[in-house]
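With these hints in hand, go ahead and build the complete structure from the sequences.
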Amino acid sequence: MNIVMLNIETSLVSEKALPIAKLMALLSALFMSVEAFSESIISDCSANRGELVAFKCIACHEVTGNSNGVGPGLGDVLGRTIASVSGFDYSEALSQRNDVWSPELLSEFLLNPQSFAPGNVMAFSGLKNDQERADIVCFFLEQTKKEINKEVH
Amino acid sequence: MEDNKKCDVKDAEDNGKQAHITRRKLLTTAGAGALAVAASELVVAKSAGGDNSDSSKNTDELDVIVVGGGFCGVTAARELGKQGYKVTILEARNRLGGRTFTANFGGNPTDMGGTWVNWLQPHVWSELHRYGVGVSETKGAAANPMIYLDYNGRRHETTAAEVWPSFEAAASAFFEDAYGIMPRPAEPFADDQWIKSDRFSVQEKLDAADLSPVNRILLDTWFTLCGAADLSEVSWVDMLRWYALSGFTMTGQADAISRYKMKGGTKVLLEKIAEDSGADIRLGVPIKSVRQTADYAEVTMKNGDKLKAKSVIITVPLNTLSDIDFSPRLSAKKRKVSLEKHVGNGTKFHALLDKEYPMATMWAPGSDVPISYLLWDKVFDGKTHVIGFGPSMDTLDVNDTAAVQRAIRQFIPDAKVESAFGYQWGMDPYAKGVWGVSRPGQLSNAIGELQASQGRIHFGSGDFANGWRGFIDGAIEQGIVTARKAQEQMKS
Numbered sequence: 001m002n003i004v005m006l007n008i009e010t011s012l013v014s015e016k017a018l019p020i021a022k023l024m025a026l027l028s029a030l031f032m033s034v035e036a037f038s039e040s041i042i043s044d045c046s047a048n049r050g051e052l053v054a055f056k057c058i059a060c061h062e063v064t065g066n067s068n069g070v071g072p073g074l075g076d077v078l079g080r081t082i083a084s085v086s087g088f089d090y091s092e093a094l095s096q097r098n099d100v101w102s103p104e105l106l107s108e109f110l111l112n113p114q115s116f117a118p119g120n121v122m123a124f125s126g127l128k129n130d131q132e133r134a135d136i137v138c139f140f141l142e143q144t145k146k147e148i149n150k151e152v153h
Numbered sequence: 001m002e003d004n005k006k007c008d009v010k011d012a013e014d015n016g017k018q019a020h021i022t023r024r025k026l027l028t029t030a031g032a033g034a035l036a037v038a039a040s041e042l043v044v045a046k047s048a049g050g051d052n053s054d055s056s057k058n059t060d061e062l063d064v065i066v067v068g069g070g071f072c073g074v075t076a077a078r079e080l081g082k083q084g085y086k087v088t089i090l091e092a093r094n095r096l097g098g099r100t101f102t103a104n105f106g107g108n109p110t111d112m113g114g115t116w117v118n119w120l121q122p123h124v125w126s127e128l129h130r131y132g133v134g135v136s137e138t139k140g141a142a143a144n145p146m147i148y149l150d151y152n153g154r155r156h157e158t159t160a161a162e163v164w165p166s167f168e169a170a171a172s173a174f175f176e177d178a179y180g181i182m183p184r185p186a187e188p189f190a191d192d193q194w195i196k197s198d199r200f201s202v203q204e205k206l207d208a209a210d211l212s213p214v215n216r217i218l219l220d221t222w223f224t225l226c227g228a229a230d231l232s233e234v235s236w237v238d239m240l241r242w243y244a245l246s247g248f249t250m251t252g253q254a255d256a257i258s259r260y261k262m263k264g265g266t267k268v269l270l271e272k273i274a275e276d277s278g279a280d281i282r283l284g285v286p287i288k289s290v291r292q293t294a295d296y297a298e299v300t301m302k303n304g305d306k307l308k309a310k311s312v313i314i315t316v317p318l319n320t321l322s323d324i325d326f327s328p329r330l331s332a333k334k335r336k337v338s339l340e341k342h343v344g345n346g347t348k349f350h351a352l353l354d355k356e357y358p359m360a361t362m363w364a365p366g367s368d369v370p371i372s373y374l375l376w377d378k379v380f381d382g383k384t385h386v387i388g389f390g391p392s393m394d395t396l397d398v399n400d401t402a403a404v405q406r407a408i409r410q411f412i413p414d415a416k417v418e419s420a421f422g423y424q425w426g427m428d429p430y431a432k433g434v435w436g437v438s439r440p441g442q443l444s445n446a447i448g449e450l451q452a453s454q455g456r457i458h459f460g461s462g463d464f465a466n467g468w469r470g471f472i473d474g475a476i477e478q479g480i481v482t483a484r485k486a487q488e489q490m491k492s
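Chain order of the listed sequences is A and B.
Here the first sequence stands for residues 1 to 153, where the numbers follow the numbering used here.
Here the second sequence stands for residues 1 to 492, where the numbers follow the numbering used here.
Just so you know, not all the hints are guaranteed correct.
To be verified - Covered by chain A, according to a simulated footprint, are these stretches of chain B (three or more residues, beta-carbon under 8 Å):
#	stretch
1	95-104
2	276-282
3	339-347
4	400-406
As the list claims (entries may be wrong) - Cut-off 20 Å, straight-line C-alpha distance, at most; resulting in silico cross-link-like pairs (EDC-like, lysine to aspartate or glutamate):
#	chain 1	residue 1	chain 2	residue 2
5	B	Lys-139	B	Glu-356
6	B	Lys-288	A	Asp-89
7	B	Lys-306	A	Asp-89
8	B	Lys-302	A	Glu-147
9	B	Lys-306	A	Glu-147
10	B	Lys-288	A	Glu-92
11	A	Lys-128	B	Glu-356
12	B	Lys-302	A	Asp-99
13	A	Lys-128	B	Asp-400
Source of the hints: derived by calculation from the structure; they are not laboratory data.
Yeah, the Cβ is synthetic: ideal placement off N, Cα and C, and Gly gets one too.
Okay, structure coming up:
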């Protein structure tokens, strides 16, 4: 598993390091975590199905961009430090988490947001369906891939 | 990595390309729409004026602090702002609207909370005229085809033409002497007969009623829809009030609560009122405490910021009132009722079905069903949009698409749910439930006290309005009333 490496690499992103470091971190996040994620959580996931699952989010979140709405923008959520979007007022519960959003952590959060960060204010009981959870994480991985393409070009 | 474990990010799906393009368009538009909900220029411009952490600057200037930016709060702010008072609205969430919330799905404004309005609701109807906001019809609410489940879960088809006259007569019998009990349903203090009659749950009355099997099913379903809870917890008189406010007919009530919605969603009216208020609006600032002295009232936010004013209007939902520390303390009765909570805590969700289905209303009785009432909303892009209501978050996980599909298939056996989504009001710490619904003997014995001011602090919420309690109309009513009370207090 590459989970430990993944966290080390993606922590670069939170420090707003050089673009090349960010690019490398994103690449690491994507390619390492796809494997780790698909092996450790579910054997099959689909970004296309995840796009439909994302309907559950879009009342409050922009999922293909990074603007804040009722909730923070999620276009670049993977690889981002938890509760780090500037200009968004996070709950204390979420602000206290010092991790970086990896596929595993995002999946854990989406399974039960209140267990992940008790007292957070997101009115969402969680995605209990393993397939849907895997699919939406894949959808966000796809967004990350697009971010990388933007950086490259 | 084995091929069958490959994470498919190439959109190789069983759905056709055309469908995918449509979905992408939907999603992209929806994201932008979600932004527009919270980040209207009005809201962002006002909330970003970050210099309000220093209360001393405002001490002598601010007249009124309104806590809560739902319809009650913005209306109170508008009433006072138009008269020249300096008002600040403090809202815990990152959006205005309270238990109304218009999201945007593919260009379709979609209300996740309070939605429908009617000319029988005088306060909101007046506001629609004032600001030139139109209504559109939820045609499915008046559909002739009906599908219902019996108590064994078996599916039946009928029509409104066939069953509605009998249903109307059954409701009239169920609310026997309704006119005697509640001749003036929008004036709770005009006559106390309704208070004396508030001793029964809807369940007790249903169990005692002589009803045909179909009428029993339909009444059970209807009251579970309206009560958003197990009927053993829902006040019979509270449901009688909805009936009385609707002109003592079920036809009137069905039209009043589920047929006409605001064009563009509730946010259209909400933003017009908020803008008209001229108030300073701060979002994302939950309240910790409210303190008052002989000279002023002070609100402390959870982030430590403080604001002082001559008057404070608290418009938070009843179920969250006790979460704020008041000094001097909240009256014992206010605190007790807030802690025991009103019972409205059901579910509302939207689902997109993969093809067009004919309109119908769909009914299922009991408090253990996943969906009590399924409403056909519209067809667009070859899909059907339905809106579902259930009695409890425990009987349906609205985030589990497969569970929603199973539940919808009880009514539409071949339905394929493409997506399902709802806002879980019961999970929202600033709502802790849906619309206000009284327990037997609860609101009737507390409404006067819940509405009572405590010095410079005034209390208003649609949950304890005089008339359409738990509705947008009741929230606007209480916004007007609390603004008047604050004004009287400031003048005295």
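Hint by hint, here is what the structure shows:
1. 95-104: holds (count 3)
2. 276-282: This one is violated; 0 residues, fewer than the three required, reach chain A with a Cβ under 8 Å.
3. 339-347: As far as the stretch 339-347 of chain B goes, the hint is violated, because 0 residues have Cβ atoms under 8 Å from chain A.
4. 400-406: Holds, because 4 residues of the stretch 400-406 of chain B bring their Cβ atoms closer than 8 Å to Cβ atoms of chain A.
5. B:Lys-139 with B:Glu-356: Holds: Lys-139 of chain B and Glu-356 of chain B sit about 15 Å apart, inside 20 Å.
6. B:Lys-288 with A:Asp-89: OK: Lys-288 of chain B and Asp-89 of chain A at ~16 Å, within 20 Å.
7. B:Lys-306 with A:Asp-89: holds, 17 Å
8. B:Lys-302 with A:Glu-147: Roughly 35 Å between the alpha carbons, so the hint for Lys-302 of chain B and Glu-147 of chain A is violated.
9. B:Lys-306 with A:Glu-147: Between Lys-306 of chain B and Glu-147 of chain A the Cα gap is close to 41 Å, so the pair fails against 20 Å, i.e. violated.
10. B:Lys-288 with A:Glu-92: It holds: about 13 Å lies between the C-alpha atoms, which stays within 20 Å.
11. A:Lys-128 with B:Glu-356: violated, 28 Å
12. B:Lys-302 with A:Asp-99: violated, 24 Å
13. A:Lys-128 with B:Asp-400: Holds. Lys-128 of chain A to Asp-400 of chain B sits at ~7 Å (cutoff 20 Å).
Checked against the numbered hints above, the structure breaks hints 2, 3, 8, 9, 11, 12 and satisfies the rest.
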